[in-house]
Amino acid sequence: MAIYSTNEFKAGLKVMLDNDPCAIIENEFVKPGKGQAFNRVKIRNLKTGRVIERTFKSGETLEGADVVDVEMQYLYNDGSFRHFMVLDTFEQYQTDDKIVGDAGLWLKDQDMCTVTLWNDAPLAVTPANFVELAIVETDPGVRGDTSGGGGKPAKLDTGAVVRVPLFVQQGETIKVDTRTGEYVSRVKE
Amino acid sequence: MLATIRRFFSERAVLEVETPLLSQTIGTDPQLEFFTTEFNFPPSRQTLYLQTSPEFAMKRLLASGSGSIYQICKAFRNGEAGRFHNPEFTMLEWYRVGFNLQQLMDEIADLIAEAFAGQLSSETQRISYQDVFKLNTGLDALTFDYQAYCAYALDNQLPEAIDICRHDHAIWLDFIFTHKVQPELGKNALCLVFGYPACQSSLARLNPLDDLVTERVELFINGVELGNGYYELLDANEQNQRFDREIAYRQQNNLPPVTKDHRLIQALEAGMPDCSGVAIGLDRLLMLLSNSASIDQVLGFAVGRA
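Chains as they are written, first to last, in this note's numbering: chain P, 233 to 421; chain D, 1418 to 1723.
The set of hints was computed from the structure by calculation and includes no laboratory data. No residue lacks a Cβ here, since even glycine has one placed at the ideal position from N, Cα and C. There's no promise every hint is true.
[Said to hold, decoys possible] Okay, derived cross-link-like pairs now, DMTMM-like style, lysine to aspartate or glutamate, Cα gap no bigger than 25 Å in a straight line: (1) P:Lys274 to D:Asp1627; (2) P:Lys242 to D:Glu1524; (3) P:Lys266 to D:Glu1577; (4) D:Lys1597 to P:Glu258; (5) P:Lys242 to D:Glu1450; (6) P:Lys242 to D:Glu1435; (7) D:Lys1604 to P:Asp310; (8) P:Lys289 to D:Glu1524; (9) P:Lys242 to D:Glu1505; (10) P:Lys266 to D:Asp1627; (11) P:Lys289 to D:Glu1655; (12) P:Lys266 to D:Glu1428; (13) P:Lys289 to D:Glu1435; (14) P:Lys274 to D:Asp1557; (15) P:Lys384 to D:Glu1505; (16) P:Lys266 to D:Asp1652; (17) P:Lys289 to D:Asp1585; (18) P:Lys279 to D:Glu1577; (19) D:Lys1677 to D:Asp1713; (20) P:Lys289 to D:Asp1652; (21) P:Lys289 to D:Glu1505; (22) D:Lys1597 to P:Asp320; (23) P:Lys242 to D:Glu1655; (24) P:Lys407 to D:Glu1524; (25) P:Lys289 to D:Glu1663; (26) P:Lys289 to D:Asp1627; (27) P:Lys242 to D:Asp1585; (28) D:Lys1604 to P:Asp298; (29) P:Lys266 to D:Glu1655.
[What the hints assert, rightly or not] Far from chain D, some chain P residues (derived; all Cβ distances over 12 Å): (30) Glu260; (31) Lys266; (32) Ile284; (33) Lys340.
[What the hints assert, rightly or not] With the Cβ distance kept under 7 Å, some of the chain D side facing chain P (calculated, not the full set): (34) Pro1504; (35) Glu1505; (36) Gln1536; (37) Glu1540; (38) Ile1579; (39) His1584; (40) Ile1588.
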């Protein structure tokens, strides 16, 4: 794998730090006029999602991490593993719930999503920004309800619970923003 | 900004000068990387250096009797690019004959006040390096207590400092100062930090009453380092020894070799008048005046687009 020097630390670069794959978020060059040069770097650990700050002496290097984002289709959940497939190659990957994490709440069979691979093994799963899911359970609306007002919880077919406006009914399909977990609109079948 | 600066010095009868950017010699400071170029003049080829500051040439003018002088010029520092750095930048440097560090600090405060024309708090903070370090970290900057510095790094989520700084007092000070002290300096005001530790003396003279500190001052506004000044070292022997020490350090650490400025040593031997001098980065000053987040915003074309 390539070696990167502090000057090459750009946002998005994937490197190995403390044996974990990480992504550079921000890199600030710090140098007193008459002193040692440092790089103050903000890094996200791709395994844990945690963001840390770390300082390097300018010119230090890190090894690149073999991390790639691949578009895959979510196939099914066999109870202990979830299965994904690259549509072009039919290559399949399986992951456990620890790696899928909260993304599991938004994954519907056959939907496309992004799987982050580290050394060809799934590291993280990111659902599409917007997904369309069916409501399997919600309180019936009362006549006269409009889009204004408080809303009510609705359980979706993936198990996620989102707040929806009062007029939205059980059985309907809705569009949800997976980044915020918020209802966007109803979807006409 | 440039007009204000020129008027300021004109009113004080300080002469504007110009010295070479391209020179046969260069400073020995191991922390300053320089650009070299070739002067092709058949049959000879000679290495010339782009100046990291006009300091040596201006001191030679002072020694030849110029009186107080200032210069606005480009300076070049290799390997420096970032939000506050561009390898080519504009510097204001001035020397006041007969001024000690206190008088120079007064004049710096006057100039900054005029440049900001009321946008900045008129209260200039003046604090010694030792005090400001103690205030922000609880550590003593002048005596190197390795255990205490390490404990501080661990307590402040900076464990990497231990590997980076090892047993080098100067690097420890740079690390802790840039991370934990500097961001606190000069909240919408000018902050002058004086009395730098002797290991960070550069070209300042040592304090005659306390050889742990030097007659060096740094300027900060909103956590940004703006400039650096000295009560100038006049002793040719001492200067020569510091050059030799830094040249030896360069050799030990595989840094590019330098050509020592013998003409500066000769000028000091001939006698440079008692004086204080300071250099201010004008691009950073302009950043502060225009509330710019990055030096790119105040440059026509930063190095990435030059």
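Now the hints, each set against the structure:
For the proposed pair Lys274 (chain P) and Asp1627 (chain D), the alpha carbon gap of about 40 Å is over 25 Å, so the pair is violated. Simply put, Lys242 (chain P) and Glu1524 (chain D) have alpha-carbon atoms about 41 Å apart, too far for the 25 Å limit, and the pair is violated. A hinted pair counts as satisfied when its Cα atoms are at most 25 Å apart, and Lys266 (chain P) with Glu1577 (chain D) qualifies at roughly 22 Å. The straight-line distance between the Cα atoms of Lys1597 (chain D) and Glu258 (chain P) is roughly 19 Å, inside the 25 Å bound, and the hint therefore holds.
A distance of roughly 23 Å separates the Cα atoms of Lys242 (chain P) and Glu1450 (chain D); the hinted pair therefore holds under the 25 Å criterion. Annotation: proposed proximity of Lys242 (chain P) to Glu1435 (chain D) is violated, straight-line Cα distance about 39 Å (limit 25 Å). About 59 Å separates the Cα atoms of Lys1604 (chain D) and Asp310 (chain P), which puts this hinted pair outside 25 Å; it is violated. Annotation: proposed proximity of Lys289 (chain P) to Glu1524 (chain D) is violated, straight-line Cα distance about 35 Å (limit 25 Å).
Taking the CA atoms of Lys242 (chain P) and Glu1505 (chain D), the gap is near 22 Å; set against the 25 Å cutoff, the hint holds. Between Lys266 (chain P) and Asp1627 (chain D), the direct Cα distance comes to roughly 22 Å. Compliance with the 25 Å bound is thereby established for this hinted pair. A distance of roughly 30 Å separates the Cα atoms of Lys289 (chain P) and Glu1655 (chain D); the hinted pair therefore is violated under the 25 Å criterion. With a C-alpha separation of about 31 Å, the suggested pair Lys266 (chain P) and Glu1428 (chain D) falls outside the 25 Å cut-off, and the hint is violated.
Between Lys289 (chain P) and Glu1435 (chain D) the CA atoms are separated by roughly 36 Å; this puts the pair beyond 25 Å, and the hint is violated. For the proposed pair Lys274 (chain P) and Asp1557 (chain D), the alpha carbon gap of about 29 Å is over 25 Å, so the pair is violated. About 60 Å separates the Cα atoms of Lys384 (chain P) and Glu1505 (chain D), which puts this hinted pair outside 25 Å; it is violated. Distance hint between Lys266 (chain P) and Asp1652 (chain D) is fulfilled; the C-alpha atoms sit about 21 Å from each other, no more than 25 Å.
For a cut-off of 25 Å, the pair hint linking Lys289 (chain P) to Asp1585 (chain D) stands: about 13 Å separates their Cα positions. Between the alpha carbons of Lys279 (chain P) and Glu1577 (chain D) the distance comes to roughly 21 Å, so the proposed pair stays at or under 25 Å and holds. As the CA atoms of Lys1677 (chain D) and Asp1713 (chain D) are separated by approximately 34 Å, the hinted pair breaks the 25 Å bound. With a CA separation close to 34 Å, the supplied pair Lys289 (chain P) and Asp1652 (chain D) exceeds the 25 Å bound.
As the CA atoms of Lys289 (chain P) and Glu1505 (chain D) are separated by approximately 22 Å, the hinted pair is consistent with the 25 Å bound. Of the supplied pair hints, the one linking Lys1597 (chain D) and Asp320 (chain P) is violated, its CA atoms being roughly 52 Å apart against a limit of 25 Å. Only pairs whose Cα atoms come within 25 Å are accepted, and Lys242 (chain P) paired with Glu1655 (chain D) is rejected, the gap being roughly 44 Å. With a CA separation close to 65 Å, the supplied pair Lys407 (chain P) and Glu1524 (chain D) exceeds the 25 Å bound.
This hinted pair checks out: Lys289 (chain P) and Glu1663 (chain D) have alpha carbons roughly 20 Å apart, not beyond 25 Å. Between Lys289 (chain P) and Asp1627 (chain D) the CA atoms are separated by roughly 32 Å; this puts the pair beyond 25 Å, and the hint is violated. Simply put, Lys242 (chain P) and Asp1585 (chain D) have alpha-carbon atoms about 29 Å apart, too far for the 25 Å limit, and the pair is violated. The straight-line distance between the Cα atoms of Lys1604 (chain D) and Asp298 (chain P) is roughly 43 Å, outside the 25 Å bound, and the hint therefore fails.
A C-alpha spacing of about 19 Å is found between Lys266 (chain P) and Glu1655 (chain D), which places the hinted pair at or below 25 Å, so the restraint holds. Non-interface status of Glu260 (chain P) relative to chain D is broken: a Cβ of that chain comes within 12 Å, the nearest being about 6 Å off. Lys266 (chain P), annotated as away from the interface, has a beta carbon of chain D within 12 Å; the closest lies near 5 Å. In this structure Ile284 (chain P) is not separated from chain D by more than 12 Å, as the shortest Cβ-Cβ distance comes to only about 8 Å.
With a minimum CB-CB distance of about 41 Å to chain D, Lys340 (chain P) clears the 12 Å threshold, and the non-interface call stands. Residue-level restraint check for Pro1504 (chain D) is violated (minimum Cβ-Cβ distance to chain P is 11 Å; threshold 7 Å). Because the smallest distance between the Cβ of Glu1505 (chain D) and any Cβ of chain P comes to about 15 Å, over 7 Å, the interface hint for this residue is violated. Contact between Gln1536 (chain D) and chain P, as hinted, is not supported at the beta carbon level, the nearest pair being about 24 Å apart and thus beyond 7 Å.
Annotation: interface hint on Glu1540 (chain D) violated; nearest CB of chain P at approximately 24 Å, more than 7 Å. For Ile1579 (chain D), the interface hint is violated, the least distance from its beta-carbon to any beta-carbon of chain P being 11 Å, above 7 Å. Of the supplied interface hints, the one on His1584 (chain D) is violated, with its beta-carbon coming no nearer than about 14 Å to a beta-carbon of chain P, more than 7 Å. At a threshold of 7 Å, the smallest CB-CB gap from Ile1588 (chain D) to chain P is about 5 Å, leaving the interface hint in force.
Figure legend: structure checked against the earlier numbered hints; hints not met, in rising order: 1, 2, 6, 7, 8, 11, 12, 13, 14, 15, 19, 20, 22, 23, 24, 26, 27, 28, 30, 31, 32, 34, 35, 36, 37, 38, 39.
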